[in-house]
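Based on the provided sequences and hints, a complete structural model is requested.
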Amino acid sequence: MKNAAATLLIMMCVLGSAGADSGKNSCLDCHAALDDARLVKPAKLFDGDIHHQAGLTCADCHGGNPDDDSMSAMSPAKGFRGVPKKAAIPDFCARCHSNATYMHPFNTKLPVDQLSEYVTSVHGKRLKQGDAKVATCVDCHRVHNILSVKDPRAPVYPSNVATTCGRCHADAAYMKEYKIPTDQVAHYQKSVHAEVLAQGDTSAPTCTTCHGNHGAAPPGVNSVVMVCGTCHVFFAQLFEKSPHQAAFTQMGLPGCVQCHSNHEIVKPSDSWVGVGPNSICSTCHSSGDAGFKSSQGIAMDLGRLNLAIAQADSVLDTAERAGMEVSEAKLELANAHEALIKGRVNVHTFRASEVQKVTEPGLEIAKKANQAGAAALQELNVRRKGLGIALITILVAIAGLYLKIRQIESKPQA
Amino acid sequence: MSEPQRKTPSWLDERFGAGTIEEFLRHKIVPIHRHSIWYYFGGMTLFLFIIQVLTGILLLLYYRPTPNDAFESVQYMMTQVRFGWLIRSVHSWSANLMIFTAFVHMFSVYFLKAYRKPRELTWVTGMLLLFVVMGFGFSGYLLPWNTLAFFATKVGTEMAGSVPVVGKWFLIFLRGGEEVTGATLTRFFGFHVAVLPGLATCLLALHLLLVQQLGMSTPPGVERAIAEGREPRRSMPFFPNFLLRDMIGWYAALGVLGALAAIFPWELGTKADAFAAAPAGIRPEWYFLFMFQTLKYLPSKIFFVDGELVGIFVFSAAALVWVAVPFLDRKIGFGRTTRIFTGAGVFVIGYMMLFSWLALR
Chain A
1 MKNAAATLLI
11 MMCVLGSAGA
21 DSGKNSCLDC
31 HAALDDARLV
41 KPAKLFDGDI
51 HHQAGLTCAD
61 CHGGNPDDDS
71 MSAMSPAKGF
81 RGVPKKAAIP
91 DFCARCHSNA
101 TYMHPFNTKL
111 PVDQLSEYVT
121 SVHGKRLKQG
131 DAKVATCVDC
141 HRVHNILSVK
151 DPRAPVYPSN
161 VATTCGRCHA
171 DAAYMKEYKI
181 PTDQVAHYQK
191 SVHAEVLAQG
201 DTSAPTCTTC
211 HGNHGAAPPG
221 VNSVVMVCGT
231 CHVFFAQLFE
241 KSPHQAAFTQ
251 MGLPGCVQCH
261 SNHEIVKPSD
271 SWVGVGPNSI
281 CSTCHSSGDA
291 GFKSSQGIAM
301 DLGRLNLAIA
311 QADSVLDTAE
321 RAGMEVSEAK
331 LELANAHEAL
341 IKGRVNVHTF
351 RASEVQKVTE
361 PGLEIAKKAN
371 QAGAAALQEL
381 NVRRKGLGIA
391 LITILVAIAG
401 LYLKIRQIES
411 KPQA
Chain B
1 MSEPQRKTPS
11 WLDERFGAGT
21 IEEFLRHKIV
31 PIHRHSIWYY
41 FGGMTLFLFI
51 IQVLTGILLL
61 LYYRPTPNDA
71 FESVQYMMTQ
81 VRFGWLIRSV
91 HSWSANLMIF
101 TAFVHMFSVY
111 FLKAYRKPRE
121 LTWVTGMLLL
131 FVVMGFGFSG
141 YLLPWNTLAF
151 FATKVGTEMA
161 GSVPVVGKWF
171 LIFLRGGEEV
181 TGATLTRFFG
191 FHVAVLPGLA
201 TCLLALHLLL
211 VQQLGMSTPP
221 GVERAIAEGR
231 EPRRSMPFFP
241 NFLLRDMIGW
251 YAALGVLGAL
261 AAIFPWELGT
271 KADAFAAAPA
281 GIRPEWYFLF
291 MFQTLKYLPS
301 KIFFVDGELV
311 GIFVFSAAAL
321 VWVAVPFLDR
331 KIGFGRTTRI
341 FTGAGVFVIG
351 YMMLFSWLAL
361 R
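First to last, the protein sequences are chains A and B. The first sequence begins at 1 in our numbering and counts up by one. The second sequence begins at 1 in our numbering and counts up by one.
No lab work stands behind these hints, which were simulated from the structure alone. Ideal Cβ placement from N, Cα and C applies to all residues, glycine included. Among the hints, erroneous ones may be present.
Heads up, incomplete: computed chain A residues facing chain B, CB under 10 Å, no partners named [said to hold, decoys possible]:
hint : residue
1    : E325
2    : L401
3    : K404
4    : I405
Rendered as structure tokens:
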């Protein structure tokens, strides 16, 4: 019955469109009028699709003759390709997207290497092996309602990427046969990267920043430092020159993530260095070895500077709350904070002397700020004493005036 | 009396007629009645004005009116100059106390009907002085060039700019351009240390001359009681009796000022940054709050007219009516008061207090 109705509609389209302009898109006209929701959906979605906005039609991807209102429009003889099979999707999209000459007029900056990257990805390799469950273009970019990557509604917009990847990678049942963890998204959501991204900084890393997008693959043990180092350049340079570089390579340890984890990269704490209960150093180093001593020294330097800053902050805050002008000292203290940050960066040299080199000047600044705060509090004390003396003087003067008035007014008027 | 004391007045008298002044002071009297306390607020305002002039001159020794230096020069005064903090804090606190005492003086004159014939012009000059004093407050607020002052001035001058026909011109005149910039700071500095002091001096001289010429008013109720024999007519010499009492008030004000400056030094805040976002909770000085809050409550349009514009027009009209009160309150005379004007005064005080409180919440 449904097919009969569809045929009738198509015939009506044919009759109704006799003599119509050749610019007419019979695909959309007919699909929009069908009863089958599955067939109507593409026509409805396509209006918001980036391809539609760029002036492309259904026929540009699916072939066929959009000028023909009859069923023959979808004849393979007229180049109709229909719906591609899953394994054919990358090539289907790449017909245009790998063609630099074709793509150039639409967007000069759009890369045309997506397919060549995709075939190197885990997804691409498994697809070639016949695994139809892996992601292809449409799994991430959607189909018929594809949006620009710059559109915040797009599933590939930075703030949506983790959710898009998680649609498969966080689904334990779907991923069961691959025997890989499915908690990456949950871990990532707790990370400092996700926190910054949620605050609106779209340059913050998400899944594709480290794993790649079209050439998605897990970074190998040896390439972790390079992956992290694309953003954290200075840290990577320090690490490469550190004693850990050779030791980690020898032991097969994956650089940065050994201490910072991979997906759940939380805000680092000074308690990670040293030999305290939260120490990460002591998971490998033990009392007596050089690393243990270094970590003790680093922790001590950072701790001293932290304490000195906290003390100076407290004194300056007290003085400021009392109304004293200490903004200059506070501004100076910001340099001590900067020294602390530099010290934390230098932790990646894993040498106490390198950390001390930057924390020592910071300690000096914090000491001066503390002195400025103490001087302000002392000045406050002097002011209050001065006020007391001034008020007593004023009271004495008022009493004198009062007595004078009484004296004048007690005399009989002339 | 010692020899030099006898010689000095004589020398001055020969050249300047100092004896006339002494004679004037000796014969000037001040009425004594149950409302006499309000007479002291005029003198108190004058005393605070003198403090403003003196501390202002001291601040001028260090202050530099440019966007690059203004904040730093005030900061330098507060941290490096000996007693600089005290001078600046006293100047700021005294400005606020002066506006407070000026308002108290104005309302006491209003309710005691001291504006009635023949003191209409004393009232008018006093009102003009109050506007000048508020102008001092508005222009001085920007001078430290801190964030709060910068954005409050921006909002304040925008309000002036919304007046039809002349608004745009007035805004550019005040700002020295389209935006609040260094040009605005230079202008406000000019208004604060030259234009307004000049105006204030002329108005103050006229106001004091009228006060001396016409003497102090006795409230109608007291006049009636004296006329009906219910109360005796009492008075005291201005010099030295009233002046000594005035001095007690001045000393007390000085003590309050010192305490406020030492316990709550006037904050400097952070340096103005034109590119920074406006801080939350910007509001003008307390004496503009009732107007500020009213404008906030007004809808964007009132009968096709911009709501803010209607508000500014109503406040301007109200201020004009307030200045013209001695000419409108014609029924007042010997021993009679007009209840409508007294009620209006109570309403105005209530309105100002309520809307200021709402703005501070």
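Hint validation: E325 of chain A versus chain B, beta carbon distance must be below 10 Å. Holds or violated? holds (4 Å)
At a threshold of 10 Å, is the proposed contact between K404 of chain A and chain B supported by beta-carbon distances? holds (6 Å)
A closest beta-carbon separation below 10 Å is what the hint needs, so does L401 of chain A meet it against chain B? holds (5 Å)
Next item in the hint list is I405 of chain A. Is there a CB on chain B closer than 10 Å to its CB? holds (5 Å)
In summary, this structure violates none of the numbered hints.
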